[in-house]
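Chain by chain, the residues run as shown.
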Amino acid sequence: MGKYFEMLMEDVRLKEGLTACMNCGVCTGVCPAAEFYNYDPRQIVNIVQGQDDDEIEQLLRSDTIWYCGECMSCRPRCPRGNTPGYVIQALRTLSQKTGLFVESEKGRQQLAIKRIVGEHILEKGYCISPKLVKPEAHPEQGPVWEWIYEHDEDVFTRFNPNYNRAGAGAVRRLDEQTLGEIREIFRVSGGQEMFDTIERHSERKAREMGYDGADDRYMSDVYRTNSGNHH
Amino acid sequence: MSMKRNSWKEYQKEIAEDHYYYARSCIRQNFFPGSEAAFLRILQENLSKDIFDDPRHTSCTGIGYHSDIVPLETIMTVVARQFSLMNAAGYENFASSCITSFGIYTEILETWNEFPETEERTRENLWKATKREFVKPKNLAHTSDIIFHFREEIARQAKYRLVNARTGEPLKGVEHIGCHYAKIFPKSGVGGAEFPYVLAGMIESWGGEVVDYPERRHCCGFGFRNYLVQANRGYSVANSQKKFESMAPYKPDFIVCNCPGCTMFLDKWQYTIAEMEGTTYGQDGIGIPVLTYEELAGLVLGYDPWDLGMQMHQVNVEPLLDKMGVRYDPEAKYLGKNGKFIGAPREAAVNCFSGERLYRIQR
Ligand code: SF4
Ligand code: SF4
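For the record, the sequence lines run as chains W and A.
Residues 1 to 231 (the working numbering) make up the first sequence, in order.
Residues 1001 to 1363 (the working numbering) make up the second sequence, in order.
Check before you lean on any hint, since a few could be wrong.
Calculated pairs, DSS-like style, for lysine-lysine (alpha carbon to alpha carbon, straight line, at most 27 angstroms) [said to hold, decoys possible]: (1) W:K15 - A:K1187; (2) A:K1242 - A:K1013; (3) A:K1159 - A:K1172; (4) A:K1136 - A:K1187; (5) A:K1187 - A:K1013; (6) A:K1128 - A:K1172; (7) A:K1138 - A:K1128; (8) W:K134 - A:K1333; (9) W:K3 - W:K131; (10) A:K1049 - A:K1013; (11) A:K1159 - A:K1323; (12) A:K1013 - W:K131; (13) A:K1172 - A:K1333; (14) A:K1323 - A:K1172; (15) A:K1013 - A:K1138; (16) W:K97 - A:K1128; (17) A:K1159 - A:K1049; (18) A:K1049 - A:K1138; (19) A:K1136 - W:K15; (20) A:K1187 - A:K1049; (21) A:K1337 - W:K134; (22) A:K1337 - W:K131; (23) A:K1251 - A:K1323; (24) W:K97 - W:K15; (25) A:K1340 - W:K131; (26) W:K134 - A:K1340; (27) A:K1049 - A:K1136.
By construction, these hints were calculated from the structure, which means they are not laboratory data.
Chain A with its partners taken away, still in its complex shape (with noise of 0.2 angstroms):
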């Protein structure tokens, strides 16, 4: 463990301290939009934070980029302009939502540094297509880092802590820190490509405890091409399999992601295998609850589990709420707006305990 510790201060990386310009991600709002809110209000509320949602940037387009789609000099100027609108705000401190980008923002970053040529093509078709200009950010964070900068205050502000309320014993968190985080550019990420510290940070500081198994770096699966195409899939499939494989002996209460696209496919892929195989990686034949670090700081904080968008989980969260002795009301888990039921989704493998479980499937 201690070399662990003095291995990830090596990586100390510097986060900027109020004044974000917040850019969104394709796949968190798609399917953690509750989360990018929780971010804001984390930010605002809880910590007396300037943060700019601009609605005029879009995508970074790193999904096309990284299935080969979009051409490198296409992005470059998809991400100049998200500088330029940055700067037309009057903000210099980029936040990104999204650990594909993230990974886009500092490649780009880097390779205008080392390749002069990219950046002055780059500008070339900034101007020429939309008349902008641009300053590169003074400081570059992922969100989570944002939250793991103020994860002390967040804990002095804590309501329920990562323990289990019934016998005091700390939960068990796998976290996974999402392959372009720190794999592209180790220095860009508290703790580097070898011991991320970002989420494990969060989990120790808010009293849980950090499982530590064979697979920790291991990908999540996504691999870009070999998800969006369906014939692929069985590769995505199969390394989130090897991942579970990996942690379940481990007994973990919950997994903590960075990345939006890991959150989603480690809590989809357990449906499938459950569905599938009938196999569960969780305690009690259920699943593990996978969770973005927004939602875990939000339920820290005391945030309604609804309102941090848990009810979009495949992977029922109940049983980490439980755990925790967070209060909630089970009724209102599955309401439209003005509080009206729409009805709930379908049961799935995945969220019966084993028994219950045979009884569904032989059915």
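Bound conformation, chain W alone (with noise of 0.2 angstroms):
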């Protein structure tokens, strides 16, 4: 047994996820990500099962761990009981635990989420806001939610008279305590850590691609890039 199938295995997530895979591919079958990218969760499973530490390396390297949507839909599915998107969660967590999630184009991203919903989260508590979902990086969101955006305070406090302030109601602005409290459950369990551990690794990685460091423009070629060789 190799030393990534131990880290694997501290999760509860790989324990709860795999058992024995009779490699039957219903998971694949099922898959959105599978029908939209080259992605096999099949593949992925059998390969942590074999145990083998150069082949999950290769699987923490790789863009293939990032094309899953999470979605559970192989859960049900699974004939043995196994859930491929747990053994991802896991694969993923350690990816960034051990760096080696910037080796690939799909694994660098996680700093632009860390770095818009993470800090999101410590800032005001919730993982989006309107002021968040700005139209010049959401196109898709249309004419009305431009509208929306531009008429945050009208719209808004048409339901909530507390929106963006004390209070009850959608999109409130939370008290202090309760952002202390959210901060430091993140500083106790580990959560800053990873999101500081993500830093860490984007910015090594980010002047070894030539960048000043992990910076706004490093960001933003992480955000928009696609080199189209996912399918």
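Join these two chains into a complex; the hints should help.
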């Protein structure tokens, strides 16, 4: 048994998600990611159950583990009770802990998610809020969203007078004690450490790729680049 | 049909009768704040139930968790804090307004059960971070479970039905459950993973007809990182498109969704596809209105569509309102606070009849 497999086995999602795969491919048959990308959850589960460290390391460095949409459509269908989506979650966590995520285009995107969603959680207590969905970064949101974005105070206070203010209701401003508790939870339970790890490895990789560190230009490239080699 | 009926009955879940602790959803409050307001109003005013809207709860951080930047230990501790707030407020029935969160809560409760050391560690983390303790909820429901539970009472109070007011024919509804409602733990959802009945039950009780189509259970395509990162969004729109192509031949009058994310995607991707390819999936060359179940219940109960927040949809809902015979003021659609007109959004191809649309595109 290799060290990567041992590290994976420390994750309860791997214990829960993988017993014995019989390679039937039912998971791949229902998987929306397999339809869109060159991606085969059956193969991933098979590699992990093979426990070969070199092969697992290849996965941790690859785009492959980042294609899954974590929809969990595979979970109720596997005749052996496996959950390929959980196996993916364990692989992604390990890829970030070991810093190998920066070796693939899709893995490097974790920096963008950390900076957009992660920092927003610590700052506002929500994964998203209206001002985060900027129309220029979200053309698919359309003209109605542009209208809402521009008139957010008018639109939202119709449903909650406490919009962006203290009190209850949709998109209220959370109080300082609550935000302090959330930040402290991230500090003691490993969330902050994960954020710092993503930043540290991105900084190293950005320099290796010729950027002046994980700056705005790197962040923007990571967020937008699609080499088109994923199908 | 009879097979389906029997199958969903095997998965009847227990839903508390009263006294709920309400946990809002990042996505629902962001895109459908009127739906959350309507849910509280329906429970309090129409059903005389007690529900607590706590200003101190936060995001469950589920979007961060499912895009893998938030570790399992962290989300478990955030969830434990929500339970602790519920305890402090004197409630034991937890009602989640989000499918991602609902999936998170069910998964975490199961994991604590199966791997008790994870619950132990969560208790330690919560205490260290906040000096809080917690008791697990007695009952966990998604907010749609609660509307489903009282669907007959809502039908009794109905002002409108899901029936074409002109022809008397039932309106055809596509229901989209959202993967994390029952694919993670089938027993946690009404009807289980294969024959979820939570939304279909509402449609049937309120006079409509449920559309069965090949890709009914397919994911809307959110895929977390596959939408959050701009470079990956092709995944998201491609999966929604697969569903639209599959449902369009059945001529649905509306789509109703369980999950706020799915509601938003099925609405916005119709806009995108219409702009990019000139393709629309509804009748008369326009988009199919996409509703939350709160909006559907609200319309049935006679709530004003703009009080329900339906002006925030990209695909216009008026064709559905007209079919149902709902009385509404078109002039009031884009009013801001204090009733002042704040301008209207630009037109979009998805809302134009085909002839007009061709004209606009050529121009
Ligand atoms: S469905 Fe289950 S047994 Fe079949 S290939 Fe996938 S993980 Fe293996
Ligand atoms: S969770 Fe991932 S592997 Fe499983 S069906 Fe969804 S996209 Fe495919």
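Evaluated hints:
no., hint, result
1, W:K15 - A:K1187, "21 angstroms, holds"
2, A:K1242 - A:K1013, "31 angstroms, violated"
3, A:K1159 - A:K1172, "19 angstroms, holds"
4, A:K1136 - A:K1187, "18 angstroms, holds"
5, A:K1187 - A:K1013, "7 angstroms, holds"
6, A:K1128 - A:K1172, "53 angstroms, violated"
7, A:K1138 - A:K1128, "25 angstroms, holds"
8, W:K134 - A:K1333, "23 angstroms, holds"
9, W:K3 - W:K131, "44 angstroms, violated"
10, A:K1049 - A:K1013, "20 angstroms, holds"
11, A:K1159 - A:K1323, "14 angstroms, holds"
12, A:K1013 - W:K131, "38 angstroms, violated"
13, A:K1172 - A:K1333, "25 angstroms, holds"
14, A:K1323 - A:K1172, "11 angstroms, holds"
15, A:K1013 - A:K1138, "13 angstroms, holds"
16, W:K97 - A:K1128, "23 angstroms, holds"
17, A:K1159 - A:K1049, "20 angstroms, holds"
18, A:K1049 - A:K1138, "17 angstroms, holds"
19, A:K1136 - W:K15, "24 angstroms, holds"
20, A:K1187 - A:K1049, "25 angstroms, holds"
21, A:K1337 - W:K134, "22 angstroms, holds"
22, A:K1337 - W:K131, "19 angstroms, holds"
23, A:K1251 - A:K1323, "14 angstroms, holds"
24, W:K97 - W:K15, "19 angstroms, holds"
25, A:K1340 - W:K131, "22 angstroms, holds"
26, W:K134 - A:K1340, "25 angstroms, holds"
27, A:K1049 - A:K1136, "22 angstroms, holds"
When the structure is compared with the earlier hints, violations turn up for hints 2, 6, 9 and 12 and for no others.
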